[in-house]
Amino acid sequence: MRRLVVGLILLSTVLLSACATDKRDYALSHTMIAYANAVRWDGLEAAEPFVDPKVREAHPITDLDRARFKQVQVSDYDDGNGPVPSGENEVRQNVQISLTNVHTQTVRTIVDRQLWRYDPKKQRWWLESGIPDITQRN
Numbered sequence: 001m002r003r004l005v006v007g008l009i010l011l012s013t014v015l016l017s018a019c020a021t022d023k024r025d026y027a028l029s030h031t032m033i034a035y036a037n038a039v040r041w042d043g044l045e046a047a048e049p050f051v052d053p054k055v056r057e058a059h060p061i062t063d064l065d066r067a068r069f070k071q072v073q074v075s076d077y078d079d080g081n082g083p084v085p086s087g088e089n090e091v092r093q094n095v096q097i098s099l100t101n102v103h104t105q106t107v108r109t110i111v112d113r114q115l116w117r118y119d120p121k122k123q124r125w126w127l128e129s130g131i132p133d134i135t136q137r138n
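Residues 1 to 138 (my numbering) make up the sequence shown, in order.
Read the hints as simulated data drawn from the structure, not as lab findings. Each hint can be trusted.
Taking lysine to aspartate or glutamate and the DMTMM-like style, the derived pairs with C-alpha atoms no more than 20 angstroms apart in a straight line are:
(1) Lys122 to Glu90
(2) Lys54 to Glu128
(3) Lys122 to Glu48
(4) Lys122 to Glu57
(5) Lys23 to Asp119
(6) Lys70 to Asp133
No experiment lies behind these values; they were computed from the predicted model shown.
Model the full structure from these sequences, guided by the hints.
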């Protein structure tokens, strides 16, 4: 009888941890799609709500950043093979973002090296690497 109880407890623990992993994976998929759509269709400022509040506070978007964002339009967002786990609650993703200058119509591509962290308490993923740096040169 004791073995049965211990077995049921172990099985319950495994099943509950699998549910937590499923929720985390679903939240990651949903967040990646929502973030890509926000950046691609609404512009780079739309990425701000995805950034960890602590990072936003430490590195707020400046007026100069906002002016730069208005000069470009995202014409492509390529997340390649998608996010790669880099820890228990962390993933990394390299994204190629094509930017079109709205004044000259020239296109250039930047690489956004993203670091995402899962917050188990809030059950959501936060972007730790901040807003993409559109000033980088290839």
